[in-house]
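Trainee: So you can see what is in the structure, the chains are spelled out below.
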Amino acid sequence: MAAGSTREQAHRTVEAVWRIESARVVAGVARLVRDVGVAEELAQDALVAALEQWPAEGVPANPGAWLMAVAKRRAIDLIRRSQRLERKLAELAHEQAVAREPEPALPDSEPIEDDLLRLVFVACHPVLSAEARVALTLRLLGGLTTAEIARAFLVAEPTVAQRIVRAKRTLAEARVPFEVPEPDERPARLASVLEVIYLIFNEGYAATAGDGWIRPALCEEALRLGRILAHLVPAEPEVPGLVALMEIQASRLRARVGPSGEPVLLLDQDRSRWDQLLIRRGLAALERVEALGGIAGPYGLQAAIAACHARAGTPEETDWPLIATLYETLARLTPSPVVELNRAVAVGMAYGPQAGLELVDQLVGDPALQEYHLLPSVRGDLLAKLGRLDEARTEFERAAAQTRNGRERRLLLDRAAACVQARAAQAPT
Amino acid sequence: MRFMILLKGDPAPGQMPDPELINAMIKYNQELAQAGVLLAAEGLLDSSKGTRVIYSAGRRRIVDGPFTEAKELVAGFYLIQVKSKEEAVEWARRCPVEYAVKDSGMEAVVEVRQVAELEDITTMSEEQRAAEHRLREQISGS
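Protein chains in written order, with numbering that gives the first Met the number 0: chain A, 0 to 428; chain B, 0 to 141.
Because the hints were derived from the structure by calculation, they are not lab data.
Take the hints with a grain of salt, since some may be wrong.
[Stated by the list, open to error] If you anchor each label on the Cβ, the simulated ranges turn out as follows:
1) A:Q8 x B:E71: 46 to 54 Å
2) B:E41 x A:L265: 29 to 37 Å
3) A:V154 x B:E71: 49 to 57 Å
4) A:V164 x B:D102: 35 to 43 Å
5) B:Q29 x A:A48: 48 to 56 Å
6) B:K70 x A:D113: 41 to 49 Å
7) B:D17 x A:A160: 34 to 42 Å
8) A:A48 x B:K84: 22 to 30 Å
9) B:Q29 x A:L265: 32 to 40 Å
10) B:N28 x A:A290: 14 to 22 Å
11) A:E178 x B:V100: 39 to 47 Å
[Said to hold, decoys possible] Partial list, derived from the structure: chain B residues whose beta carbon lies under 8 Å from chain A:
12) A11
13) M15
14) G35
15) L43
16) S47
17) K82
18) E85
19) E86
Here the structure is a predicted model, which is why all the values come from computation and not from measurement.
Every residue, glycine too, gets a C-beta built ideally from N, C-alpha and C.
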């Protein structure tokens with residue numbers, strides 16, 4: 000029993016070390032083998048070796064270096080084997096044999112951070128689907144197991160495993176180099192990286208499916224990845240922009256869920272439950288955006304909007320005109336009916352529900368919003384404020400039918416019922 | 000999960016950390032930050048600049064530092080966000096405290112403590128919890 004628990008303890012220590020070191024090990028090995036799929040397998044081999052040896056022999060003084068050395072040794076063996084094979088093939092073909100076996104590239108003085116950044120860009124390569132990028136990023140950079148990723152996204156483990164295998168194959172087939180993108184490609188490629196991190200965050204923040212409203216572990220994972228990226232790419236304002244946005248949004252995690260698990264919307268939240276440490280960190284990140292040239296990108300702008308809410312001690316203190324202006328800038332930069340809808344909410348708060356409704360009504364026919372439950376939800380809210388309760392009820396019911404989240408559906412049906420009640424009080428029949 | 004890594008000890012009055020120790024700590028801070036786990040960190044001046052308020056037998060006494068039991072004192076802290084206690088312990092293990100004690104033969108202690116969320120304190124009433132939340136909001140000054 001005692002031995003068993005010691006073993007288990009060693010096991011958990013290996014997992015903790017893996018969590019801290021795995022991305023670096025994969026990145027360092029990928030520099031040798033130039034293939035992140037192979038690199039990940041070699042890193043996994045090193046993990047297996049650690050799980051076998053550390054419980055018996057104790058955790059080495061520098062466990063990260065141990066994992067890296069074992070994985071690199073295996074990488075070099077692999078390179079030598081394939082070189083020997085190539086030479087054999089060449090000899091068989093009566094071609095001139097390779098004169099000497101070249102030494103595989105050995106760790107040089109290039110900092111590991113450069114390899115980590117390469118790994119980030121490859122895992123988020125546009126040749127992969129969004130789903131594949133998310134899975135691969137969590138696996139290669141987050142050090143999450145397939146089971147953990149599956150649990151976080153509420154999908155079956157084999158589905159995730161297959162997604163990762165396919166993603167690695169796609170990268171190999173497309174011969175994606177283990178390099179950071181050329182300067183002309185860089186903005187688009189960085190946007191892809193930021194998108195993946197924010198997708199992970201949002202999956203945790205507003206769970207699109209299932210009965211749970213939020214899954215904080217995914218938010219924390221995305222925040223960690225964002226903070227890592229901020230150190231790898233210190234000069235790009237959109238990186239601290241995204242970090243600021245996530246820190247501020249994450250500060251509300253505790254306040255977004257009511258006692259029985261129901262969602263609590265921003266303006267109804269108990270602001271004393273907001274995490275002030277995360278708000279301070281978010282505002283500090285936003286200052287870095289300003290220092291790097293100002294708030295001009297989509298993430299910086301969204302962070303600035305989130306900061307308006309974070310700075311307001313009560314909903315009444317919210318600077319809605321500023322939020323409406325920021326949304327206007329955002330809409331010009333990334334035209335989207337969803338941004339327009341958010342702008343309509345801000346305009347409604349700043350200049351009255353009628354002004355907001357006029358903007359929303361322009362969006363009603365938009366094909367992109369046909370299935371989007373927040374459109375009828377927002378429209379219902381504005382109509383209710385204008386006292387048009389029958390129309391509001393219809394909109395809340397429509398929204399309830401469209402959402403895939405069970406908790407949100409109940410919230411919307413409650414609002415529809417409230418309209419019916421208010422209507423009854425207004426005009427008794 | 001949030002953990003506080005406490006550095007125990009007390010430098011001699013007025014003693015400033017030497018460049019070697021500063022370098023090692025900067026490197027460690029960077030590792031924590033680059034790993035995306037560091038939320039906050041501070042170091043404290045030695046206890047000769049400190050004061051204690053001691054309550055006993057119904058009265059409060061003010062006692063100025065320095066304090067003698069160095070091992071029980073806190074010299075600095077890190078606040079980190081990690082996935083498990085083991086991960087927190089692994090980070091604590093990497094803290095370069097050997098530079099603080101050098102070859103003095105002294106022991107260096109790094110303590111790992113989990114941060115209590117208000118929700119963890121089972122003896123707290125709903126009203127107390129709400130009051131505490133409001134207070135936290137006020138002290139943050141935002």
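Trainee: If a hint holds in the structure, say so; if it does not, say that too.
Mentor: Now the hints, each set against the structure:
Take A:Q8 and B:E71: their Cβ atoms lie about 27 Å apart, and the range 46 to 54 Å is violated. With their beta carbons about 32 Å apart, B:E41 and A:L265 fall inside the hinted range of 29 to 37 Å. Take A:V154 and B:E71: their Cβ atoms lie about 50 Å apart, and the range 49 to 57 Å holds. For A:V164 and B:D102, the Cβ-Cβ distance of about 53 Å falls outside the hinted range of 35 to 43 Å, so the restraint is violated.
Taken as a hint, the range 48 to 56 Å is violated for the pair B:Q29 and A:A48, whose Cβ atoms sit roughly 29 Å apart. Distance hint check for B:K70 and A:D113: the Cβ-Cβ separation is about 42 Å, which falls inside the suggested range of 41 to 49 Å. Checked against the given bound of 34 to 42 Å, the beta carbons of B:D17 and A:A160, roughly 51 Å apart, lie outside it. The hinted window of 22 to 30 Å between A:A48 and B:K84 holds, with their beta carbons roughly 24 Å apart.
Take B:Q29 and A:L265: their Cβ atoms lie about 36 Å apart, and the range 32 to 40 Å holds. Taking 14 to 22 Å as the suggested C-beta distance range, the pair B:N28 and A:A290 conforms, at roughly 20 Å. The hinted window of 39 to 47 Å between A:E178 and B:V100 holds, with their beta carbons roughly 44 Å apart. The restraint placing B:A11 at the interface with chain A is violated, with a minimum CB-CB distance near 29 Å, outside the 8 Å limit.
Taking 8 Å as the C-beta contact cut-off toward chain A, the hint placing B:M15 at the interface is violated, the least distance being around 27 Å. Checking B:G35 against chain A: minimum C-beta separation of about 4 Å stays under 8 Å; hint holds. Given hint, B:L43 at the interface with chain A, is violated; its Cβ is 19 Å from that chain's nearest Cβ, farther than 8 Å. Using the Cβ-Cβ criterion of 8 Å, the hint placing B:S47 at the interface with chain A is not satisfied: the shortest such distance is roughly 30 Å.
The restraint placing B:K82 at the interface with chain A holds, with a minimum CB-CB distance near 6 Å, inside the 8 Å limit. For B:E85, the interface hint holds, since its Cβ comes within 8 Å of a Cβ in chain A; the closest pair sits about 4 Å apart. A hinted interface residue such as B:E86 counts as satisfied when its beta carbon comes closer than 8 Å to some beta carbon of chain A; here the least separation is about 4 Å, so the hint holds.
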